[in-house]
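Construct all of the structure, not just a fragment, from the sequences and the given hints.
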Amino acid sequence: MMKHLLSAADLSRDDAELILRTSEELRSLADRPIKKLPALRGRTVVNLFFEDSTRTRISFEAAAKRLSADVINFSGKGSSLSKGESLKDTAMTLEAMGADAVVVRHWASGAPHLLANAGWSRSSVINAGDGTHEHPTQALLDAFTMWRHLGNLDGRRVAIVGDVLHSRVARSNALLLKTLGAEVTLVG
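Here the sequence shown is numbered in the working numbering, starting from 1 and rising by one per residue.
It should be emphasised that the hints constitute simulated quantities derived from the structure, not laboratory data.
Label-pair distances were calculated between CB atoms; the ranges are:
#, residue 1, residue 2, range
1, Asn73, Glu183, 37 to 43 Å
2, Ser109, Leu37, 32 to 38 Å
3, Ala118, Ala9, 18 to 24 Å
Calculated lysine-lysine pairs in the BS3-like style (CA-CA distance at most 27 Å, straight line):
#, residue 1, residue 2
4, Lys77, Lys65
5, Lys65, Lys36
6, Lys3, Lys88
7, Lys65, Lys3
8, Lys178, Lys3
9, Lys3, Lys36
10, Lys77, Lys88
11, Lys65, Lys35
This structure is a prediction, so every number in the text was calculated from the model and none was measured.
Backbone N, C-alpha and C fix where the C-beta goes; we use that ideal spot for every residue, glycine too.
Next up, the structure:
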């Protein structure tokens with residue numbers, strides 16, 4: 001089992017398909033009177049956002065709460081970061097607080113990798129977008145939408161159009177869709 005989700009390239013086809021199937025099962029929560037499962041009860045998830053975000057941050061918060069996690073939302077604005085606190089200092093504070101998972105969105109490409117691999121924290125790290133590098137969770141959502149509407153993505157031709165050189169979402173989509181068997185063309 002993976003400890004971190006840093007890149008769409010980290011996902012095997014089996015991993016990606018398991019996530020898609022599990023996501024489909026979890027969709028039924030929306031129709032239940034009580035929209036919670038105890039899967040993460042007693043766990044703490046920290047949303048560590050160094051970039052402004054509405055949909056991504058709220059989506060992670062809602063998902064963690066629906067799985068019964070305790071959620072802490074952290075924004076770079078108005079924190080000790082404005083006084084020069086480093087990513088390392090922040091990670092060590094989260095470690096002392098006992099964070100089980102850290103969802104990180106950062107303006108610097110590679111920040112989630114650094115957080116996961118520097119040894120500052122034992123928390124699982126989920127990349128919610130880093131610079132122009134990647135956004136693997138958005139790619140999973142996009143793949144889930146295609147999978148629900150199209151079924152198996154084997155042999156499907158997908159064109160990603162736009163500023164693909166600077167798009168973290170395009171990069172992650174290209175990697176994940178290829179893993180799922182699609183033929184991906186980038187146009188930009």
